[in-house]
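Engineer: Residue numbers (the UniProt record's numbering), protein chains in the order written: chain A, 1 to 153; chain B, 1 to 153; chain C, 1 to 84; chain D, 1 to 84.
Warning: the hint list may mix true and false statements.
[To be verified] Simulated pairs of lysine to any residue, SDA-like, Cα-Cα distance not exceeding 25 angstroms:
#1 Lys12/D with Ala132/B
#2 Lys44/C with Glu51/A
#3 Lys59/B with Lys4/D
#4 Lys46/D with Arg138/B
#5 Lys59/B with Leu6/D
#6 Lys59/A with Thr18/C
#7 Lys59/A with Leu70/C
#8 Lys12/C with Trp134/A
#9 Lys12/D with Asp136/B
#10 Lys12/D with Gly131/B
#11 Lys59/A with Pro71/C
#12 Lys12/D with Gly84/B
#13 Lys12/C with Ala132/A
#14 Lys12/C with Gly55/A
#15 Lys59/A with Thr30/C
#16 Lys44/D with Ala132/B
[To be verified] Where chain D lies over chain B, by a calculated footprint (3+ residues, C-beta under 8 angstroms):
#17 52-60
#18 108-119
[Unchecked claim] One-sided excerpt, in silico: chain B residues whose CB lies under 10 angstroms from chain D:
#19 Val3
#20 Gly34
#21 Glu63
#22 Trp123
#23 Glu127
#24 Arg133
#25 Asp136
Note that these hints are calculated values from the structure, not bench results. Since the structure is predicted, the reported quantities are computational estimates derived from the model, not experimental observations. We put the beta carbon where it would ideally sit given N, CA and C, even for glycine.
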Amino acid sequence: MTVSVQAEDFDVGAEISALSAGRHEVGAVATFVGLVRDVSGGSSVGAMTLEHYPGMTEKSLEEIVEQACARWSLYGVRVIHRFGRLEPGDRIVFVGVAGAHRGETFAACEFIMDYLKTRAPFWKLEETPAGARWVDARDSDDSAAARWEQSSR
Amino acid sequence: MTVSVQAEDFDVGAEISALSAGRHEVGAVATFVGLVRDVSGGSSVGAMTLEHYPGMTEKSLEEIVEQACARWSLYGVRVIHRFGRLEPGDRIVFVGVAGAHRGETFAACEFIMDYLKTRAPFWKLEETPAGARWVDARDSDDSAAARWEQSSR
Amino acid sequence: MTVKILYFASLKDALGCTEESFVLPSGVSTVGELRSFLADRGEKWKALGEGRNVRAARNQRMAAPADPVLPGDEIAFFPPVTGG
Amino acid sequence: MTVKILYFASLKDALGCTEESFVLPSGVSTVGELRSFLADRGEKWKALGEGRNVRAARNQRMAAPADPVLPGDEIAFFPPVTGG
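Just chain A, same shape as in the assembly (with noise of 0.2 angstroms):
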């Protein structure tokens, strides 16, 4: 199981250690785990909403990580994102790569957040102050992914 999205938590330290158990050709697992801030946009956030496409969630977040490891010589990969109502310090995704050396699996996580951030149909719904608000995409999201197009690794 590759590819999780679901509405409850996970467990970080398990999903890692499952990355390298009983595989010792494995000698790094590089990881994200992105949370829910209190601050958005310059507003104070309460909670958010995460809407997503379900079925096409899942294909998106599967191609994503079948071109990373197309890209770079991987042992293992998980994509873990939660949708629903979420509060401030919750865990929102993670993202886990095994490879043999440090540098592919960092590349590899940073490629799939980047991807994952501009090709996953998964919407921020926004509790402030002033309203609930949808949150716009972000201009740098975009060229945080594009390097990548660029790139010749």
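Keeping the supplied structure of chain A fixed, place chains B, C and D upon it in accordance with the hints.
Structural biologist: Relative to chain A, chains B, C and D alone:
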């Protein structure tokens, strides 16, 4: 407590949670775990012993963390490096970086690992079928560290 | 000759619609043509109009305006994604 | 006028020495000069000689050959590090 040099294993999940616990400005936690591989330079490795330079080890890791904190806006950093005898699959090193956004946490985490690999006084003695041998430093680690000198980030 | 159309997030709110079954009119054979046709249905549908930052998917994969629309397809329109 | 000298890893094995207290001879005032002096002490000490990949630390910080050596210093010699 930012830096630990210890013989004991560590709890990756607990360390990652601690980096954002009670800090709702944290939106991103990038981490790296290095593990003992059962192959190295074409030989099978039964175990390894990590020698270090007590006193300098801690100082060098703290200095690397200070450099990362001067370079990026970070909310928390944690570095753990083990010494002594370790077997394939055992954790060697943990680096965790918490920040507002993913880009700076990925960069800082990789920076710390690259500098650690070339500046922290640890040496690996591997047990192979042909006997014990000291691991040679890799040129690729020097070049990985050198790219941060040139980078304008 | 019908397609299923889904709307998400701020676009769903602007249109007041999450899903519709839509009979493809003649002359509508691409994702871009479908979007233009829908945008012309009335005031609130301008949220789908040119110049609005709308993305599309066909059968749960990201789609370009030139991609074909065929009977039975599931077409989705939504704003740029903001997960992660 | 003594310094403490430490050796690590493969260098420690080659020299058969982990630590020594060393009286600074006249003319030895830098890390590089100290290393050269030590390398000239006999056969096995060539492991510290020019062309060998040896790093040095002074008082637990990485040192360059031109860095001074002062009485009471802790000087360490070792191969390139391989942790992580």
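Engineer: So which of those numbered hints doesn't the model satisfy?
Structural biologist: Numbers 19 and 23 - these are the hints that the structure violates, sorted from lowest upward.
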